[in-house]
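*Asks:* Given the sequences, and given the hints that come with them, work out the whole structure.
The residues making up each chain are set out below.
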Amino acid sequence: MTRHSPGRRTDRLSRRAFLAAGAATTGALAGCIGGDDEDGNGNGGNETNGDEGDGEPSSPDVVNSSNAPTTPSVEDPPDAVYLPTHRESMEHLETVEAGEYAVMPMLTYPHKFWLVSGTEREAVTPDSTGVHLMATVWDAETGEVLPVDTGAQLRLTRDGGLVDQRAPWPMISQTMGFHFGDNVPLPEQGTYTVEFDLTPLGGDTVRKTGEFADRFTEPRTVRFEFEFDQEFQESVVNGVEYLDEDRWGEPGALDPMAGMGGMDDNGGDSGGMDDGGEGDGNGSEGGMEMSMPFSDLQPADAYPGEGLGTPTSGDAAFVVRYLTETRLTDGSSGYLLVSPRTPYNRVPLADMALSVEGALEGELVQTLDSELGHHYGIAGDLASGEQLELVVESPPQVARHRGYETAFIEMPSMGVEVP
Amino acid sequence: MELPDPDEVSRRDYLRSLVAVGGTAALSACLDLTGDGGGDEGGSGAPTGDPAERPARQHAWNDALGTDEDGNPRPPEHHVVLALNLATTPDADVRKTVETAFRSLERAYAYDPAGLLFTVGYSPAYFEQVGADQPVPDPEAITTLESPEFDGFDAVVHLASDEAAVVLEAEEALLGEVDEPNGVAMEATLEGVFERAEPRRTGFVGPGLPAQHTGLDGVPDSVPEEAPFFMGFRSGFAESQAPEDRVTIRDGPYAGGTTMHVESLTLQLQTWFEQDSHTQRVSKIYSPEHGEEGLAGDVGEKLGTSTGVAGEIAERTERDARERGMVGHAQKAARARDDDGTPPLLRRDFNTVDNEVPGVHFLSLQRSIDEFVRVRTTMAGEDLAGEGVGQRLNNGILQYIFVRRRGNFLLPPREDRALPEA
Ligand code: HEM
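For the record, the sequence lines run as chains A and X. First residue of the first sequence: 274, per the numbering used here; consecutive thereafter. First residue of the second sequence: 354, per the numbering used here; consecutive thereafter.
To be clear, the hints were calculated from the coordinates, so they are not data collected in a lab. Take these hints with a grain of salt, some might be off.
[Said to hold, decoys possible] Here are a few chain X residues that face chain A, going by a calculated C-beta distance under 7 Å:
1) Thr387
2) Pro596
3) Arg599
4) Gln633
5) Gly647
6) Asp736
7) Gly739
8) Glu740
Cβ atoms here follow ideal geometry from the backbone N, Cα and C, with glycine treated the same way.
*Replies:* Here it is as structure tokens:
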């Protein structure tokens with residue numbers, strides 16, 4: 274495959290070479306670079322090189338053992354969504370379709386992310402050469418991103434031999450929303466083939482409603498190839514774009530990636546959040562016309578029914594609506610719809626355990642509706658003046674890219690009242 | 354596969370690679386090595402045996418097995434699961450030949466892990482061929498996360514021994530490639546009755562063995578030295594295994610026999626060891642309580658003969674999913690125990706590096722295949738997904754295991770092990 278084949282577009286949002294940026298700011302950075310995060314413990318044997326960051330920034334050495342650039346990280350970030358120091362660049366492969374699914378694979382350098390189990394967070398630091406491989410999966414018909422852990426798996430082969438097999442983590446990132454991804458070690462440069470298995474959506478994982486009720490029932494496999502070479506390694510590292518240093522760690526989020534559809538406007542309407550978006554250069558400068566949907570939810574006022582407010586917990590906004598006329602129940606009762614999302618970019622927060630106490634009691638069921646999108650719901654009747662308590666039993670069990678790792682972990686209960 | 358270079362690997366590792374490679378060349382390399390080490394009665398130097406000493410149930414191994422320091426049965430170190438296809442139409446003479454071949458093996462090796470433990474099983478395809486009712490169903494996908502291949506061959510022989518040379522030699526002797534295994538003549542072989550089929554499954558189990566495979570891509574250096582299994586923890590505690598009685602068929606033509614399911618899995622060890630912390634691993638393999646309270650120790654050495662998941666911890670599985678966002682593999686699986694607390698499966702799984710990727714051949718005995726399916730479904734925990742854990746994520750060890758292949762077999766009682774008719 275040649276550098277400029279259509280399957281090989283690099284998202285170069287920035288024309289600023291990493292090297293230049295790094296050199297320009299090295300001196301000023303020194304005070305901002307913390308040690309590693311407090312939770313970067315016990316991560317078996319990665320004290321070696323390749324620790325992406327959190328050390329002295331230096332010019333990128335893409336032939337080191339992990340081809341991860343040394344980027345600064347925000348010292349002592351707030352327990353909230355915050356602006357990281359930089360925006361990553363990545364290579365988009367061509368969209369592949371299989372059955373009802375469309376998948377866009379993306380590649381960048383191995384980088385740090387955080388796993389979440391219960392309320393525990395575990396930093397994953399890259400420690401070997403390879404790629405950070407990602408895939409966004411959406412409904413080929415409606416363009417709706419399917420934002421729950423479907424147990425996807427992938428097999429990586431080279432010359433017909435199995436190199437790696439893994440279940441990529443369900444993840445959220447400010448620029449990509451919900452996707453699957455992992456750092457994948459690659460023994461050497463060359464052409465790799467990926468078979469990505471999509472498992473049926475539903476069962477007990479998520480209730481499907483509306484047009485989705487009978488869909489996504491077949492397992493499918495998509496195949497794609499990528500080239501892992503020096504050129505790729507350099508281009509993703511050189512494409513790193515720094516934010517102005519005085520914004521690092523500020524409340525806010527990077528804009529979704531250029532070309533991602535659906536972002537009518539950024540922040541502002543996600544339930545009365547103030548606009549803490551990245552603000553500058555919303556990514557259109559590269560002129561990329563990629564058609565990949567972004568997993569954003571509708572703003573609060575776009576939902577049907579009565580608004581019960583948009584309380585927040587752990588920096589997530591919870592859109593709470595009470596629907597009386599709805600196909601989401603058997604018709605004999607109303608429906609409490611709760612849609613937790615990230616601030617600014619309205620990325621759905623999947624795979625959490627949510628329940629309600631008070632005037633209505635029970636566990637909310639994770640639901641994916643063809644019109645209302647991802648939410649948690651429970652059937653029941655409510656009357657004006659009644660009080661409810663929304664209880665987050667466990668926070669969203671999705672891995673986090675930088676800037677999301679400190680939010681959505683400690684999530685106290687929220688009180689709401691039916692107006 | 355080529356023979357490994359003995360100068361580049363440890364002796365034990367070399368022996369295990371020879372089992373994986375198989376064949377007469379591997380066998381003679383193996384005998385060369387073990388010949389100068391141990392006994393010198395010729396051949397593999399293992400104790401010889403007497404067919405009359407063997408119990409009526411093929412799967413009755415526990416009496417012969419040694420125990421670990423806590424008193425748990427210790428599985429044999431080396432395993433080969435030999436796949437066979439019928440090459441002739443069974444009749445009384447053929448049956449006699451087959452039985453004679455097995456009895457020859459029983460004379461060549463003692464009923465002991467230092468000798469040879471083995472079982473002979475038959476697949477649905479076999480019963481169809483001989484026109485008998487199928488006592489076991491065709492294998493099927495059990496969970497939504499898999500699209501496995503299925504064993505379609507006719508018969509299977511599971512060979513197990515603490516001696517690498519014994520499993521290799523017994524395999525070759527059955528197929529007529531070695532005349533006098535362990536110095537004892539084969540009075541008949543399976544040659545002409547069966548021919549070798551695919552896949553040949555091999556493996557090993559025991560403290561320290563997995564860690565010796567860290568040269569292989571996919572096996573990180575961080576596999577604990579003392580771990581008996583690739584995922585780094587002890588398994589097969591006496592208390593969580595079905596007694597042999599519990600897996601024995603009670604009535605009908607195969608009373609005294611059992612059923613065997615073989616599920617071959619690939620493991621993702623790099624993620625397991627290098628992304629998760631030890632506490633997370635303990636939580637995911639046993640239960641979140643084991644992780645939080647430090648109940649397991651490094652590799653499960655604190656657990657004695659029981660993980661303690663049965664009862665309260667298993668009952669709390671759903672609550673742990675919702676409130677802790679994580680459930681343990683053993684905790685989940687223990688929900689499938691009998692009302693009186695007896696586990697329904699006798700697990701005789703072992704590690705493998707077949708195809709040069711780390712994996713497990715999860716070999717399980719149970720009274721009926723239905724019971725396996727029920728326990729496997731419980732272990733998959735799809736009922737928990739969306740309740741604080743994902744289909745795979747934080748749902749026991751599902752994030753790290755990939756089902757490759759399944760097979761179902763009937764293991765008749767020993768007296769009917771040669772080409773059963775009904
Ligand atoms: C790579 C694969 C696997 C590994 C590493 C593994 C590991 C373990 C470990 C460490 C235990 C706890 C120790 C013990 O109770 O002996 C356990 C228990 C158990 N596992 Fe697995 N296992 C695997 C696959 C499976 C599969 C495929 C099944 C299928 C049903 C299964 C069923 C069970 C059962 C039933 C228990 C006992 C639960 C009880 O206490 O009742 N395991 N396993």
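*Asks:* Taking the hints in turn, state whether each one holds.
*Replies:* For each hint, the structure was consulted:
1. Thr387: violated, 32 Å
2. Pro596: violated, 33 Å
3. Arg599: violated, 29 Å
4. Gln633: This interface hint holds because 6 Å falls under the 7 Å limit.
5. Gly647: Status violated, d = 13 Å.
6. Asp736: It holds, given that the least Cβ distance between X:Asp736 and chain A is near 5 Å, below 7 Å.
7. Gly739: holds, 4 Å
8. Glu740: With a closest approach of 6 Å, the X:Glu740 hint holds.
The earlier numbered hints that this structure contradicts are 1, 2, 3, 5.
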